[in-house]
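A.B. asks: Residue numbers (numbering that gives the first Met the number 0), protein chains in the order written: chain A, 0 to 287; chain B, 0 to 287; chain C, 0 to 287; chain D, 0 to 287.
By construction, these hints were calculated from the structure, which means they are not laboratory data.
On a predicted model such as this, the values are computed, not experimentally measured, just so you know.
Treat each hint with caution, since some may be false.
Just so you know, same-sequence chains aren't split out, so a pair can sit in one copy or run between any two.
Simulated crosslink set (DSBU-like; lysine-lysine; CA at most 30 Å straight-line) [what the hints assert, rightly or not]: (1) K181 with K61; (2) K61 with K24; (3) K18 with K68; (4) K68 with K24; (5) K18 with K181; (6) K13 with K137; (7) K137 with K283; (8) K4 with K283; (9) K4 with K181; (10) K13 with K138; (11) K18 with K70; (12) K283 with K138; (13) K4 with K61; (14) K4 with K68; (15) K24 with K13; (16) K181 with K137; (17) K13 with K283; (18) K181 with K283; (19) K70 with K13; (20) K70 with K137; (21) K70 with K181.
Next come the chains, spelled out residue by residue.
4 protein chains.
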Amino acid sequence: MTTKKRRSLFSFLKNNDWKQYWTTKISTVSQETGNSIVRGYPLCDIIESNMSFAELVFLVLKGELPNEKQKTMVNVLLCSIGDYGFNSMVSVPGRTITSASPDSPMPGIAAGLLSLGRTYVSPQYAGELLEQSYATMKKENLSVEEIADRVVREYTDRGEAIPGLGHPLYRSDDLRAESLLKVQHELDIFGEKSEIYEAIRVRAEQEFDREISLNWPARVACIGAELDMAPFEYTGIAAIAYMPALIAHIQEEVTEGVPLRIIPPIINDYTGVPERPLPERFVKVGAK
Amino acid sequence: MTTKKRRSLFSFLKNNDWKQYWTTKISTVSQETGNSIVRGYPLCDIIESNMSFAELVFLVLKGELPNEKQKTMVNVLLCSIGDYGFNSMVSVPGRTITSASPDSPMPGIAAGLLSLGRTYVSPQYAGELLEQSYATMKKENLSVEEIADRVVREYTDRGEAIPGLGHPLYRSDDLRAESLLKVQHELDIFGEKSEIYEAIRVRAEQEFDREISLNWPARVACIGAELDMAPFEYTGIAAIAYMPALIAHIQEEVTEGVPLRIIPPIINDYTGVPERPLPERFVKVGAK
Amino acid sequence: MTTKKRRSLFSFLKNNDWKQYWTTKISTVSQETGNSIVRGYPLCDIIESNMSFAELVFLVLKGELPNEKQKTMVNVLLCSIGDYGFNSMVSVPGRTITSASPDSPMPGIAAGLLSLGRTYVSPQYAGELLEQSYATMKKENLSVEEIADRVVREYTDRGEAIPGLGHPLYRSDDLRAESLLKVQHELDIFGEKSEIYEAIRVRAEQEFDREISLNWPARVACIGAELDMAPFEYTGIAAIAYMPALIAHIQEEVTEGVPLRIIPPIINDYTGVPERPLPERFVKVGAK
Amino acid sequence: MTTKKRRSLFSFLKNNDWKQYWTTKISTVSQETGNSIVRGYPLCDIIESNMSFAELVFLVLKGELPNEKQKTMVNVLLCSIGDYGFNSMVSVPGRTITSASPDSPMPGIAAGLLSLGRTYVSPQYAGELLEQSYATMKKENLSVEEIADRVVREYTDRGEAIPGLGHPLYRSDDLRAESLLKVQHELDIFGEKSEIYEAIRVRAEQEFDREISLNWPARVACIGAELDMAPFEYTGIAAIAYMPALIAHIQEEVTEGVPLRIIPPIINDYTGVPERPLPERFVKVGAK
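So that you can see chain A by itself, here it is in the shape it has in the complex (with noise of 0.2 Å):
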């Protein structure tokens, strides 16, 4: 995805010459007046306009104004976590967080988003997969039933969970994966990606003798996939849904919550070492 090819800081070292050592397209702002230019168009007119936010995420991230399609797709993706009560393995640690620091609502939100990982929302590795077997299926001229197939093999002989299969908490279907590609499907946002990981889903059902959906992750990488953006992108907009859960979350918990939150007593238990003494050699402090 990469095409300029990065700098190493030893070229900057051994120059001394560091103008070029932070560039950006994304933006630049009078050190005057404070006024940014975002990927060309003044701040102040996008906030006096009324662009809405779907817009201003596609702007900031791809560089231009989305279509109408693509402004519904993306506005749709940010709709698509809403919240998830306590089954979140954001908002609960958040919560948590936030009770033993509650002065700001900031490390619980920090700490709520480092959740967003492997095993739980993160559309990443969804989308490395997909990147990885779409580069494949092009560069060795593959059909999609080809790369699918090879897919499904290589993890199957690694003993490896395919990422975006099923999901981890419900045996259903994702159900927010369902009303995703409902929309993408009415939007006509499908294409030769989103194909890709339905025949490894497919081919995945094979292998395994039964039902199989893609779950919310890969869905999402999937609509990321065909709006252009890389797998880093769409986590972020992953992160960016479950924001508003967050944040409700942990002003319930400052207003409501119980301070100090532990595991109660009836879902928890010790397993180590009885109590014993510490070796002979180990005296108080102070001790002759």
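Given chain A's structure and the hints, the job is docking chains B, C and D onto it.
C.D. replies: Chains B, C and D only, in chain A's frame:
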């Protein structure tokens, strides 16, 4: 702001009855299907309806859908950061950390958000001043001018800067705040709380005998307060508003940035003690 | 505590002379060899000499090596958390986040440390009370009893809990604080600042007519203050003290824990509005 | 490394029996007194005995106290970072974030640690290579030279850099790694796993026809492996080792640093599109 009395951990430990240890009004999720009901509305319907993200944010935080003006105001808040290039204390640490830890965007995102604090972007502190001023004004039956006078005198007496006035980086008006104010007036969302901060600003101009403007955090605090949001809630909205830029910079860093970000020698200085040997009592491991 | 006047960003922008934008007294590193001189001592000599970690902590923070008593005291502080099983608001969020994001221990470590706050473990707030009390006592030439009286009255008048007194979770004495106090006396590191907090404790017992003990954060603040450390410094030591447990729990989680950590149904409750349909204005994407 | 089979969340949901949802071998705490038994030993005895922090780290992580050599080795690891001035991707982001969020050291500490990643300091990736190489060697009954040959060939074929070889920032040997190696030999803690990495190093020198040294992360991985620690465990030790510097820099920042840390104009460049007007469809809020 809290009406419900918070239960202590003691009361749960004493009764060993934990059913209400965690309660929420935000959503409930079916353990079978994973279907989530967000503030009463089925998540799948939210997704398929293309509800705007600004509406979702308001719904999740406040429990009910916004009217048109509230929806517009929240959307404009979400778009009022855009990006701040290399003047950003959010994106720059986010990029630096991603440079060192490039396997996922989440460390950079979490770290970047931790920069939202007392001296940068967070509207929490202006909001807390505003809420305290409003409460005192109501309790003591003061006029807007009287509470403003008291605030300015108290901070001046303590030799502290008043939150929300002026800009730490730019000497001129805060242009984003100006644009937000225009929208606020246009939507007629300018009530008593906004008047308090305006009175503080005017009173401070008299006190310090120079032009002083309200900055972005103060303006966001006023607007958030008019929308009946708590400081943690609009601080969370400020965090969302910074996320598109943060994500875009992280993606730019992993594709075009310099791997390993140091402080270049031309902008740093060592001012500590010169090299010296360890005291003689320190001998090499294994030395006799 | 600051003697040097901090330079503003304006002064750098105005002159466009950035050489001293970043300065440090802590260490300097050869750009050629990577050899570091830490507070004057070559890092390689430190490593090879088996300097104790407690000595290194003191050296890096304070600029000079500790004497024997200081070294013992810092080491004892570092060992005074151990682990707190499932009563821990550090390890439990650390485990939860690692469960969701298991590719690295760092998200769990960072998130766990964010729990060190006003209501859990952090000695910062007791320390700030102590430093302010000490400064006022010296400035107004008060006795230890007089400043203690004023502190207790001020907090009581505002209806606020006094930091450092009692324990949020256990009704008895804080045993770790008791052990630390024994060591403090044994090493004869109990000076005027420790006496201030003791006087506050005694005065509070009179005020509330019950036995009250100093908790771990208050004891750490006293000891840190006697070692001439700032609140941020001994709060950092508290963070280090929690790290072994945090790391051990994270390792236990990835090897033996349950992948995906929710709040079990037997300890949670939904108290929000029942299911309801979206208003009619929301129609499905693509519907006419 | 896991012997116990991890239970799935399904099995708990199915039975609605949650007693063993959270289990630990690390410690147990009296709900009455708050007394903690850490790996069997009473925490109060640990505190009063002046057990060294290196012993505590080993005890908490491994379940038993270390022998003298293990204790020395862990202590030396903890002291092997010291500080890296402005070449640090831990302390510098920690300072920047503290500059923006100066109410507590914890945001800066948490963010700083998030820099420990694949390209900076973390020994996890060298450790994972080492553990996989060791497992393959044992499984296929290979010699140390054979597994080293295979590793170098595999990375070379894929065009990837081998973790643990050379230094990203300094062209010379990694002096800290050299010092650690001396101590490792002195303590006679140099076994088969260390030999594997040495063989990889030698084989890589042949392949690339130049001198190549093992860097700090690789050396820490070797030592950690010889101490029978998992990669997450010695990565945690690396994080502890960086904490004294991180704390010292944060304290220096709040007392002597510049409030608000930007990237100075002399080292940055905007390379994006020039200013342009928004498309005509964007009209001001309230405009007809």
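A.B. asks: A separate judgement is required for each hint: does it hold in the structure or not?
C.D. replies: Results for each hint:
1. Proximity of K181 and K61 under a CA criterion of 30 Å is satisfied in both settings, with 24 Å inside one chain copy and 28 Å between copies.
2. With identical chains, the CA atoms of K61 and K24 are at most 30 Å apart within one copy only, with a shortest distance of 11 Å there and 37 Å across copies.
3. In this assembly of identical chains, K18 and K68 lie within 30 Å of each other by CA distance neither inside one copy nor across copies; the values are 40 Å within and 46 Å between.
4. Proximity of K68 and K24 under a CA criterion of 30 Å is satisfied intra-copy only: 25 Å inside one chain copy versus 34 Å between copies.
5. Proximity of K18 and K181 under a CA criterion of 30 Å is satisfied in neither setting, with 49 Å inside one chain copy and 38 Å between copies.
6. Proximity of K13 to K137 under the C-alpha cut-off of 30 Å is found in neither arrangement, the shortest distances being 40 Å within a copy and 45 Å between copies.
7. With identical chains, the CA atoms of K137 and K283 are never at most 30 Å apart, being 70 Å at best within one copy and 36 Å at best between copies.
8. Neither within a single protomer nor between protomers do K4 and K283 lie at most 30 Å apart by alpha-carbon distance, with minima of 61 Å and 41 Å respectively.
9. Taking the shortest alpha-carbon separations for K4 and K181, neither the intra-copy value of 40 Å nor the inter-copy value of 39 Å comes in at or below 30 Å.
10. For a Cα distance limit of 30 Å, the shortest separation of K13 from K138 qualifies neither inside one copy, at 38 Å, nor across copies, at 46 Å.
11. In this homomeric assembly, K18 and K70 never come within 30 Å of each other (Cα to Cα): the closest approach is 36 Å inside a single copy and 43 Å across copies.
12. For the identical chains of this complex, K283 and K138 are neighbours neither inside a copy (69 Å) nor across copies (39 Å), given an alpha-carbon limit of 30 Å.
13. Taking CA atoms no more than 30 Å apart as the test, K4 paired with K61 passes inside one copy only; the shortest distance there is 20 Å, against 43 Å between copies.
14. For a Cα distance limit of 30 Å, the shortest separation of K4 from K68 qualifies neither inside one copy, at 33 Å, nor across copies, at 47 Å.
15. Taking the shortest alpha-carbon separations for K24 and K13, both the intra-copy value of 25 Å and the inter-copy value of 25 Å come in at or below 30 Å.
16. With identical chains, the CA atoms of K181 and K137 are at most 30 Å apart within one copy only, with a shortest distance of 27 Å there and 51 Å across copies.
17. Taking identical chains as interchangeable, the C-alpha atoms of K13 and K283 are never at most 30 Å apart, the minima being 56 Å within one chain and 35 Å between chains.
18. In this homomeric assembly, K181 and K283 come within 30 Å of each other (Cα to Cα) only across copies, at 10 Å, whereas the closest approach inside a single copy is 70 Å.
19. For the homomeric pair K70 and K13, neither the shortest alpha-carbon distance inside one copy (45 Å) nor that between copies (42 Å) is at most 30 Å.
20. In this assembly of identical chains, the alpha carbons of K70 and K137 lie at most 30 Å apart only when taken from the same copy (28 Å versus 45 Å across copies).
21. In the homo-oligomer, the alpha carbons of K70 and K181 lie at most 30 Å apart both inside one protomer (16 Å) and across protomers (26 Å), since each shortest distance falls under that limit.
When the structure is compared with the earlier hints, violations turn up for hints 3, 5, 6, 7, 8, 9, 10, 11, 12, 14, 17 and 19 and for no others.
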